[in-house]
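Asks: As given, the protein sequences belong to chains A and B, one line each in that order. If you read the first sequence in the numbering used here, its first letter stands for residue 1, the second for the next number, and so on. If you read the second sequence in the numbering used here, its first letter stands for residue 1, the second for the next number, and so on.
Calculated directly from the structure, the hints in this document are not laboratory data. Possibly wrong hints are sitting among the right ones.
[Claimed, not checked] List of simulated lysine-lysine pairs, DSS-like, C-alpha gap at most 30 Å: (1) A/19 / A/127; (2) A/47 / B/129; (3) A/251 / A/143; (4) A/233 / B/129; (5) A/51 / B/129; (6) A/12 / A/251; (7) A/233 / A/251; (8) A/120 / A/143; (9) A/143 / A/233.
[Stated by the list, open to error] In silico negatives: residues of chain A with every beta carbon more than 12 Å from chain B: (10) 53; (11) 68; (12) 158; (13) 190; (14) 274.
[As the list claims (entries may be wrong)] Computed far set for chain B versus chain A, every beta-carbon distance over 10 Å: (15) 39; (16) 73; (17) 93; (18) 97; (19) 117.
All C-beta atoms in this analysis are idealised placements derived from N, C-alpha and C, irrespective of residue type, glycine included.
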Amino acid sequence: MAQARALDRRRKSVRNIRKITRTMELIATARFKKAMDRSVAARDYTKHLAKILENIASVGADVAHPLLEIRPTTRTAVLVLTGNRGLCGGYNGNVVRQSLALLGQWRSEQVATHVSVSGKRGISALKFRDISIDESYTIFEDKPEFAQVAPIGQAYLAAYAAGEIDRLDVAYTRFDGIARQEAVTEMLLPLAPPQAAGETAAKLASDEYDFYPSAGSILQELLPASFMARLFKCFLDAAVSEQVARMVAMKAATENAGGLIKSLSRQYNRARQSQITGEIMEILGGVEALKQ
Amino acid sequence: MSEQKQTSRGGRGIQCVVVTPETTVFDTTASFVSLPLDDGQRGVGLGHAPFIGRLGVGEVRVAARQSGGQTSRFFVEGGFVEVAHDTVTVITQRAVAADSIDAQEARRELERVQSAKAVGPQAIEERLKASEAARSMVRVAGRSR
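For reference, chain B alone in the conformation it holds in the complex (with noise of 0.2 Å):
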């Protein structure tokens, strides 16, 4: 494990990158990442051993390295991150600064996915979908305030 620690980031910080397929959101260096991979919640931190995780609906925290900086919170819908040498790399088709998120329109989103019927076992697995994905865009939604 020692061997694979790159000295030049090492001991620094990690480099956290959310990139979409239209830009690069966010690039900076921070002190722990945590992220809402498929089956829940996953933090990294420094020297975490590489792995390639499949994202979930939910929230990427990114704290920054700074003491007293700002943390930085995204709302990400599916996707894939990559760890390794302290860096990390989400690639989401989609992310949302969470303090951008309109709560009120998120919540009108939900209800809408609420009172949709869904017929048959693939529309109902996409409404079941929806619906998570739009309730936890409240959730993050409401954190932020």
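Excised from the complex, chain A in its bound form (with noise of 0.2 Å):
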């Protein structure tokens, strides 16, 4: 009887794991689509300010800027993005080899780093690493509000500024889609120069418009707006992806456990049966020797 015990033992904590995978991953997709919403909600925001960008592109103004001097660089400022939690897949894992990556080439090149992490994973994972950082996030969860994110931007907009940071790369896991997430390291700062697009220009040239107080003056103030809404949409990106990668990662712990329930129950029946088989027999075997 022990080895039929053992195995239904088994077999039930084995169910008791699927029955929290499988909230688990309802929780996720709760979540992802909570998360989904907001990042959708934020497309707006985006498209209008790249839209006033491109007509103030094609109007020829004047787009020297400091946010979009390629400097030479000295010093430079790294951000990684991960989760807070893991049981994601390999989420946090990528994101952290995108990282080290572009880590291991600055030091290579001997140049300065500021790093900054947020999600308690990627600190201790960097932290193993022995690389030492220089600020820490733990308040984003999978709903980063702009409020939360703006003093961080505001600080590498004031760095960059002062000439403390050259360049500003964010490693992180962009949101192409549900089914194609994937871990990226995106320079932000300095920024890509605003182009006017080809196609919408005649549109744009018959609209003519006027600028208040001027094109120069909107400018400076559209950049680090943009930037800033750049650096959210990373913040937004990652949220997202990590209620996939989350889901992704439980929907298939969750049909492992469902296999591994089967695969058991099979083993178990059997050495019952054959249990029974062993007590039958010797039975018979009794009560034949009791005949003689």
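With the hints as a guide, dock the two chains, each given alone in a separate frame, to form the complex.
Replies: The structure is reproduced here in structure tokens:
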């Protein structure tokens, strides 16, 4: 009986695990939907900003701005966006790997690097590799708020303006759609110069916008705003991707648990049956012995 | 000018949209929109010439199209506005509906900003900006009551 009972016990514990992973999958699904809604709602802002930027670029305004000039990189900043929690497949590991590649590159070029990490997972992963972290955040969960991201962005802008950093890279998981998320490193500062879009140029020319107070002055404000929007989008993407990764990982775990239960059940039934057969044989043996 | 007017929208009302980095706060058809530009309030009626402007701190007022409809007020802190084809798009980092501003909270904030010490030209400018923002918020809050 011992083997059958042990199998049964294992089966029960796997069942409990399956219950947990299934619940986690459901939670991740719900959170993903919410995060996705937020991400979609935030797109309008970026879209309108980009439109104004295009307009200004197409009137040929003077687009010289400190945020646009590319300086030789002597000091750089890296921001790593990971999750606070694990159990989400390769989500955290992939971002950490991306950031390590970048940090390694800066180290080999002997560039001083300011490292900021968001998420407990990333913090402990980098600490484990003996990388000193200058700043860490654990406040970002599945709903990053603009008011939380804004101070971080302002600090980077101020550091960039003061010449304390020449470049900012963000390592995060880009969300390209529900079936595709990719850990990437993106350069956010200096900003890519605005380009007048070719196809819409004809339409824009007919609009002939006036600028109050002037195109240059709007640009002064617009570039920091578009940097903030991009930074915020990184946080939103990271949040959505984390939920997707967790959803997928927990779905796989639930399915694996199901398979494990099936094979354990089979083993258990076989063990029980062979035990019964053995007992019958014993009884029959006993009966035969009594007859004689 | 006449060929620029879109007949589909012209004559009906102004599409007014307020977007922040997080979401679209407000989207409606209005008859008149008043905007706090960098250098003063500016009104936009039907058929206004297209322009892009920088917003200061202040109140966006949107008069509803239907007579007797509610006028919506928002407190915005900087940002941009794009006006074209009877569409007004307000793009701002922060937009708060005027009736959800806590007037006392705003006043406390103003006092806090005004009592703060600022040393150096940059800090002084920042303080000026902050106190202007706080004062404007108090004003908007006061008006909505």
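Asks: Are the hints correct? Go through all of them and say.
Replies: Evaluated hints:
1. A/19 / A/127: Violated, at about 34 Å.
2. A/47 / B/129: holds, 28 Å
3. A/251 / A/143: Judged against 30 Å, a Cα distance of about 22 Å means the pair holds.
4. A/233 / B/129: Holds: residue 233 of chain A and residue 129 of chain B sit about 27 Å apart, inside 30 Å.
5. A/51 / B/129: holds, 28 Å
6. A/12 / A/251: Holds, at about 19 Å.
7. A/233 / A/251: holds, 27 Å
8. A/120 / A/143: holds, 16 Å
9. A/143 / A/233: Within the cut-off at roughly 12 Å; holds.
10. 53: With a cut-off of 12 Å, residue 53 of chain A comes too close to chain B, as the shortest Cβ separation is near 10 Å.
11. 68: holds, 18 Å
12. 158: Given that some Cβ of chain B is not farther than 12 Å from that of residue 158 of chain A, nearest at about 10 Å, it is violated.
13. 190: Answer for residue 190 of chain A: holds, closest chain B Cβ roughly 21 Å.
14. 274: Correct as stated: the minimum Cβ-Cβ distance to chain B is 64 Å, above 12 Å.
15. 39: Incorrect as stated: the minimum Cβ-Cβ distance to chain A is 6 Å, not above 10 Å.
16. 73: holds, 21 Å
17. 93: About 7 Å separates residue 93 of chain B from the closest Cβ of chain A, which leaves it inside 10 Å; violated.
18. 97: holds, 16 Å
19. 117: Fine: 20 Å to the nearest Cβ keeps residue 117 of chain B off the interface.
Going down the numbered hints, you'll see the structure goes against 1, 10, 12, 15, 17, while the others check out.
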